[in-house]
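There are 2 protein chains.
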Amino acid sequence: MTFACFAGISSSRVNYSTKSDMNEVRVLAPATVANVVCGFDVLGFALSEPVDEVVVRRISEQTVRIIHRDDFGLPTDPAKNVAGVAARAVLERAGADFGLEIEIKKNIKPGSGIGSSAASACGVVVAVNHLLGGRFSKGEMVGLAMEGEQLASGSRHADNVAPCIYGGFTLVRSIDPAVDVVGLEFPEIYASVIHPQIEIRTSEARSILPADVPLKTAIKQWANLGALVAGLARRDYELIARSMDDGIVEPVRKSLIPKFDEVKSASLTAGALGGGISGSGPSIFMLTRTRSEAKSVAEAMAAVYTTTGINFHTYVSQIASKGVTID
Amino acid sequence: MTFACFAGISSSRVNYSTKSDMNEVRVLAPATVANVVCGFDVLGFALSEPVDEVVVRRISEQTVRIIHRDDFGLPTDPAKNVAGVAARAVLERAGADFGLEIEIKKNIKPGSGIGSSAASACGVVVAVNHLLGGRFSKGEMVGLAMEGEQLASGSRHADNVAPCIYGGFTLVRSIDPAVDVVGLEFPEIYASVIHPQIEIRTSEARSILPADVPLKTAIKQWANLGALVAGLARRDYELIARSMDDGIVEPVRKSLIPKFDEVKSASLTAGALGGGISGSGPSIFMLTRTRSEAKSVAEAMAAVYTTTGINFHTYVSQIASKGVTID
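In order, the protein sequences belong to chains A and B.
The end of the first sequence is residue 327 by this note's numbering, with every number in the run present.
The end of the second sequence is residue 327 by this note's numbering, with every number in the run present.
The reader is advised that the hints may include incorrect statements.
Just so you know, same-sequence chains aren't split out, so a pair can sit in one copy or run between any two.
Claimed, not checked - Computed list of lysine-lysine pairs in DSS-like fashion (alpha-carbon distance at most 30 Å, straight line): (1) 138 to 216; (2) 80 to 216; (3) 254 to 295; (4) 138 to 105; (5) 216 to 254; (6) 259 to 216; (7) 105 to 322; (8) 259 to 295; (9) 105 to 80; (10) 80 to 138.
Bear in mind the hints are in silico, worked out from the structure with no lab data behind them.
Source: prediction; values computed, not measured.
Excised from the complex, chain A in its bound form (with noise of 0.2 Å):
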């Protein structure tokens, strides 16, 4: 069994010459929560830690490059990476006559469900777009890091690319015809994660899913939803805590990870807001008002693992205003 709160990034940096260099450039891209309970497929938020650490550095053969700086293995042909696609996808655009050599040190465990896929993609787009001089906008690098992350996920969504540039709490109105992302007030918050170390498909995640709902509960879904962005932009942590119920998306998915009711139940009596399913699983997230707070439901739903004999992990972590950055 692993127990470990990320306290930050490893201390272990990947391979950079210098900042100064406009041929390389370094950036921290956050993991990332997606589906904030009533915001099912919509509302998300980025997390301070843990973070990726991307090198992309200019070359002048027109190929991409992937080195990985981590244990998990991933492909390193970039036809088959997703930030290998993000990163093609954002040279084609701009219409460049280089290539790319990308470093990529991962903190953020690939199936985890906290957006370790979006921080690949929204790195490499963040990085590359730095050294085309920022030619495009943070909407624009949404709709290109979605290219990659929609290798991962096989569909076109923007609920962790969104967070992950932007920062904070983001709410993605619309991605068609085009990418339409709302960045949200908020106080300071922070967020208690569980990564139970067990795979959850995103095509069982997807089929479970029912494809119409009564009418009654979509409507309960969105006064919940209204409520919570009310009350994220008026610092209302009460009501924040009373808009966090997801009565379609929650009561199915939650049979896919063990112990769900049971970490959900010790956090809330831990002095947790509320929270729920991070993207599709199989982490749980919980919101707090403070990191004291966050660290005492971070320990609650830990004691309701270590009872599971399964590997898991838990973070603690600030909702970051800001997304990918420039280091």
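Could you slot chain B onto chain A? The hints should help.
Relative to the frame of chain A, chain B by itself:
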């Protein structure tokens, strides 16, 4: 054909002896728009005009008497009158040992779809609460006024009573088990309303709604509602305009309102941010940034209806920051 912009309340005030007499109170209760596009069943707002005028007078006899100062021929039997039912509800809840004489002059036409019955119920509840020394909270008054509204609509809902009591834009997060109304932040904003004088039975408007909706459509709806709440809070008129899209209710209910598409299209051309069906119709409302735009939109609406031979009224009003006011 009738075409009139109500520029305020009528100059013929209902009988009112003295403001300082705490046995009597006069209130003004505003018209309201419910089911604001993507916020079906949860989002509403209060208009500055038209307003109903309600005088409530304490009488020693433990009964409720209703006197109408208008020509709408509404029931005077308190058990069959929205204001009477609401009055009885509040007296009963307070355990009051007195009765009431209620004079009502309605300037909001019954059946118009801009909260006529809610104004009667809320006006009385706020007035009686004032006589009682203000013992009920706004949330409690919404609950009490809902009892009156139930008589009018056949179901418990707070879509109109919430903005009528609170003013401004309100989001009804929940009415069961407890009433939870969120008063939203919003910018200076105006409404144009056209009331075609046709009858839409609430039962018919309700029966044509689908029992179930595709999850994809529901997601789009809550994305738009979340964005609309955010757009109102940050005073972002462009975002407000983009978010006012209803893929669930308007497509089916608009068939009940002649020339709906033409009115909407002409309004958008005349500068409206967006809009839709007010309540369950037949009124149509549009929002604008300025009063002059609202006037242009009302004229564009009227121009469409002059071709129909259907009588109509138009209204131009600022969104009122206050709900029922003690006069």
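Tested hints:
no., hint, verdict
1, 138 to 216, "between (36 Å within a copy, 25 Å between copies)"
2, 80 to 216, "between (42 Å within a copy, 29 Å between copies)"
3, 254 to 295, "within (23 Å within a copy, 52 Å between copies)"
4, 138 to 105, "within (23 Å within a copy, 55 Å between copies)"
5, 216 to 254, "both (21 Å within a copy, 20 Å between copies)"
6, 259 to 216, "both (29 Å within a copy, 29 Å between copies)"
7, 105 to 322, "within (20 Å within a copy, 55 Å between copies)"
8, 259 to 295, "within (19 Å within a copy, 59 Å between copies)"
9, 105 to 80, "within (17 Å within a copy, 72 Å between copies)"
10, 80 to 138, "within (25 Å within a copy, 58 Å between copies)"
Consistency with the previously given hints is maintained throughout, with no hint failing.
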